[in-house]
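Chains A and B are the protein sequences, given in the same order.
Residues 40 to 204 (this note's numbering) make up the first sequence, in order.
Residues 761 to 1166 (this note's numbering) make up the second sequence, in order.
Derived by calculation from the structure, the hints in this document are not laboratory data.
Each hint should be verified, as a subset may be incorrect.
[As the list claims (entries may be wrong)] Examples of chain B residues lying across from chain A (beta carbon under 8 Å, computed):
hint, residue
1, Ile816
2, Gly817
3, Gly990
4, Phe1003
5, Tyr1113
6, Asp1165
[What the hints assert, rightly or not] For each label pair, taking beta carbons as the anchor points, the in silico distance ranges come out as:
hint, chain 1, residue 1, chain 2, residue 2, range
7, A, Ala131, B, Asn963, 38 to 46 Å
8, A, Gly191, B, Lys1086, 33 to 41 Å
9, A, Gln99, B, Ala949, 47 to 55 Å
Beta carbons: idealized from backbone N, C-alpha and C, even for Gly.
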Amino acid sequence: MSTTLHGKEAVLAEMGQHPALAALMAELPEALVDARWDRDELTLTVAPGQIVAVGQRMKQAGYLFLEDLTAVDWFPATAPRFQVSYHLLSHARKERIRLRVLLPHDNPKVTTITGVWPSANYYEREVFDLFGIVFEGHPNMRRILMPDEWVGHPLRKDYPVEGYR
Amino acid sequence: MSQWTATPILEVPVAEGAKDQTMVLNMGPQHPSTHGVLRLVLEIDGEIVVRLYPEIGYLHTGIEKTCEAKFYHQVVPLTDRIDYLSPMHNNLCYCLAVEKLLDLPIPEKAQWMRVLLSELTRLNSHLVWLGTHAMDIGALTVFLYTFREREEILRLFEYVAGQRMMTSYIRIGGLSMEPPIDFFERVQAFIRTFPEKIDEYSNLLTGNPIFMNRLQNVGHLSAEDAIALGVTGPPLRASGVDFDLRRDMPYSGYEKFQFQVPVSQRCDVWGRYEVRLQEMRESTKIIQQALDGMPEGTIKAEAPKIVLPDREKMKTQMESLIHHFKIVTEGFTVPSGEVYQGIESSRGQMGYYVVSDGTAKPYRVHMRNPSFASLQALETMCRGRLLADVVAVIGSIDVVLGEIDR
Chain A
40 MSTTLHGKEA
50 VLAEMGQHPA
60 LAALMAELPE
70 ALVDARWDRD
80 ELTLTVAPGQ
90 IVAVGQRMKQ
100 AGYLFLEDLT
110 AVDWFPATAP
120 RFQVSYHLLS
130 HARKERIRLR
140 VLLPHDNPKV
150 TTITGVWPSA
160 NYYEREVFDL
170 FGIVFEGHPN
180 MRRILMPDEW
190 VGHPLRKDYP
200 VEGYR
Chain B
761 MSQWTATPIL
771 EVPVAEGAKD
781 QTMVLNMGPQ
791 HPSTHGVLRL
801 VLEIDGEIVV
811 RLYPEIGYLH
821 TGIEKTCEAK
831 FYHQVVPLTD
841 RIDYLSPMHN
851 NLCYCLAVEK
861 LLDLPIPEKA
871 QWMRVLLSEL
881 TRLNSHLVWL
891 GTHAMDIGAL
901 TVFLYTFRER
911 EEILRLFEYV
921 AGQRMMTSYI
931 RIGGLSMEPP
941 IDFFERVQAF
951 IRTFPEKIDE
961 YSNLLTGNPI
971 FMNRLQNVGH
981 LSAEDAIALG
991 VTGPPLRASG
1001 VDFDLRRDMP
1011 YSGYEKFQFQ
1021 VPVSQRCDVW
1031 GRYEVRLQEM
1041 RESTKIIQQA
1051 LDGMPEGTIK
1061 AEAPKIVLPD
1071 REKMKTQMES
1081 LIHHFKIVTE
1091 GFTVPSGEVY
1101 QGIESSRGQM
1111 GYYVVSDGTA
1121 KPYRVHMRNP
1131 SFASLQALET
1141 MCRGRLLADV
1151 VAVIGSIDVV
1161 LGEIDR
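Sequences and hints are given; from them, build the entire structure.
Laid out in structure tokens, this is it:
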């Protein structure tokens, strides 16, 4: 299937049998905000408050491995400005899904998923360091790549690429 | 937002009553066996590691930020510089991600060349790993042997790409240029003798009692811990998880090649040594298959607005000159969307997450590098073990600090 499906209804109608979607719709239907099938990749946008619960369901559905966690800054936009992307891999199904959480401009924060996948530890620290998104409940929410005394978060779009700040 | 305070690194008390016995030891960043500028803060009780805290970021150069300011094709040379031992894997992973965004089909010959070069890169990386790992343990000789063969591979890279290390040979839409006429013969000559060389390393190390005692039953990592901590690649397979992206989620035509995925149930440093040594033998087989079945044809996709034209065409055809000028000065636009492309690099699962907003510059490029995640497992593998084992364990996960710090 190489078509593009936009929107929750379209994805649910076409691929409601997908184990990740089925698990989510059976137990946490209110957590799914939006969905997209594009370039053979399934993206599920999840309510920020529900990410831990969704992560646990996905882990039960076979997505045992958190492959990547990062963020995107859609800068001039403020209503949701930040997007945190979680890439999950199922060894058995040989397939990835992407979870997405949208966060506001002011005081962006989301609950940590280190309780579900301990490997999120470094990734969340990296996102905090470079984007300034706080992961609540993280065991060690400190900068990881930049010096501890650094001011600002370099991967934000309003942070200049070159020159002095 | 930036109102936070740095906490002391080791403020959490350890086991009851053990506090006054332990000492904090700083290892690195300038330490010969940390494979780069990795700093480890160790809390030790006598010779036993109680806690271990890796401190990274010394090589952070903001490559992800730089990528956002470049055209898509200008990012390729930046990807070389992430991991100096496997530049082609980074090239390949980035190009596959952008090609996925563009929905650009790649000619078969280019795909097979990519597989060939990707496996040569794996050999190159594993050779450096083997040499330095053995050197950390005290077996100095192996280093000289592995670097002899590595030099051959670097010469092959230089021959095909013009550069020994920062090759930038794999480009969006194919390869940068046709391989030289006798390139395949030279690779064949190298591959013909290489399995004997692996036997040679194996003879030096596998039966060596000192090497065996230093490696066996050291750095235990269970399969559950490996998956939970994000460990991929040879360390994961040495913990008994049979998963390799080349076989299980094939890319760039890997599904056409026959090879075994070595797996070990040992879960220790020795298991990782065995898996990597076996992987080198399998890579040799893949290269042999790529040489035998190398298809005829072009090495660049038929996409004049994306792929730079040949020099000859550029000098003789107006159309090509215009395309060349446009690509160099304005880049090419990529349809908006987000993709994640994973490949099996020498160190594990590498992934590029590329987000496009429809312009000529990537909106966001994120690299998922295997060493970054594997480093998190270091404490699990070292806790409760001897301080001297830390060196063996670092060698066994084969970290490259360039790709951790980016």
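Tell me if the interface restraint on B:Asp1165 is satisfied: Cβ within less than 8 Å of some Cβ in chain A. holds (6 Å)
Quick check on the hint: B:Gly817 CB to chain A CB, less than 8 Å? holds (4 Å)
Hint validation: B:Ile816 versus chain A, beta carbon distance must be below 8 Å. Holds or violated? Given a least distance of 7 Å, the restraint on B:Ile816 holds.
C-beta pair A:Ala131, B:Asn963: status relative to the range 38 to 46 Å that was hinted: Between A:Ala131 and B:Asn963, where Cβ atoms are some 39 Å apart, the hint holds.
Are A:Gln99 and B:Ala949 spaced within 47 to 55 Å by their CB atoms? The hint (47 to 55 Å, Cβ to Cβ) holds, given that A:Gln99 and B:Ala949 are roughly 53 Å apart.
Quick check on B:Phe1003 please, does its C-beta sit within 8 Å of some C-beta on chain A? holds (5 Å)
Hinted contact B:Gly990 with chain A - closest CB pair below 8 Å: holds (3 Å)
Return holds or violated for the Cβ distance of A:Gly191 and B:Lys1086 against the range 33 to 41 Å. holds (36 Å)
Using 8 Å as the Cβ threshold, decide whether B:Tyr1113 counts as touching chain A. Since the shortest Cβ distance to chain A is 6 Å, the answer is holds.
Violated hints are absent here; each numbered hint is respected by the structure.
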